[in-house]
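A.B. asks: Take the sequences, apply the hints, and build the full model.
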Amino acid sequence: MIEVIQGLPPNVAAFNAYGKITANDYKKTVNPLVRKVAKQFGKINYLLVINTSLTNYTFGAWVKDVLLGFKYFPKWNKLGIVAREKRIKKFTDFFGRFLPSVTKGFMMENEAIAKQWIAE
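Read in order, the letters of the sequence shown correspond to residues 99 to 218 in the numbering used here.
Simulated from the structure, these hints should not be mistaken for lab results.
Model, not experiment: these values are computed from the prediction.
There could be a bad hint or two in this list.
Label pairs and their calculated CB-CB ranges [unchecked claim]:
id, residue 1, residue 2, range
1, Glu101, Met205, 12 to 22 Å
2, Glu207, Pro172, 27 to 37 Å
3, Leu106, Leu166, 13 to 23 Å
4, Arg182, Gly140, 28 to 38 Å
5, Glu218, Asn122, 30 to 40 Å
6, Glu101, Glu207, 15 to 25 Å
7, Gln214, Arg182, 18 to 28 Å
8, Pro108, Leu166, 16 to 26 Å
9, Lys184, Arg133, 27 to 37 Å
10, Arg185, Pro108, 29 to 39 Å
11, Val102, Lys169, 15 to 25 Å
We put the CB at the ideal spot given by N, CA and C, even for glycine.
C.D. replies: Right under this line is the structure:
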């Protein structure tokens with residue numbers, strides 16, 4: 099399931115992923131908020147806190163995630179990923195260099211720092 103993280107500025111689309119993640123999570127939760135932020139601000143600050151194993155993402159969720167990335171490719175301003183696994187942080191930091199946005203991975207113990215960073 100993916101839920102919106104409340105309490106961040108309106109130019110931030112922030113989400114907490116836990117349990118099983120499906121394409122429906124993107125359809126009902128992620129995509130509407132990202133679309134709203136993009137329409138209202140022209141640029142998107144995006145934060146995803148991954149509180150689940152990546153094996154809990156269904157194939158459909160992965161497809162929706164990739165499509166989301168491509169659809170808004172020129173609009174990404176800042177992308178932050180918070181995870182328990184160091185490999186996810188390293189992956190984010192490495193591949194973020196190839197994106198038009200400022201991208202940063204965070205470990206779970208730095209979630210508050212990630213929220214502050216994405217809100218700036």
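A.B. asks: Now, for every hint given, state plainly whether the structure supports it.
C.D. replies: Each hint, compared with the structure:
| no. | hint | in the structure |
| --- | --- | --- |
| 1 | Glu101 x Met205: 12 to 22 Å | holds (21 Å) |
| 2 | Glu207 x Pro172: 27 to 37 Å | holds (33 Å) |
| 3 | Leu106 x Leu166: 13 to 23 Å | holds (18 Å) |
| 4 | Arg182 x Gly140: 28 to 38 Å | holds (33 Å) |
| 5 | Glu218 x Asn122: 30 to 40 Å | holds (32 Å) |
| 6 | Glu101 x Glu207: 15 to 25 Å | holds (20 Å) |
| 7 | Gln214 x Arg182: 18 to 28 Å | holds (20 Å) |
| 8 | Pro108 x Leu166: 16 to 26 Å | holds (19 Å) |
| 9 | Lys184 x Arg133: 27 to 37 Å | holds (32 Å) |
| 10 | Arg185 x Pro108: 29 to 39 Å | holds (32 Å) |
| 11 | Val102 x Lys169: 15 to 25 Å | holds (19 Å) |
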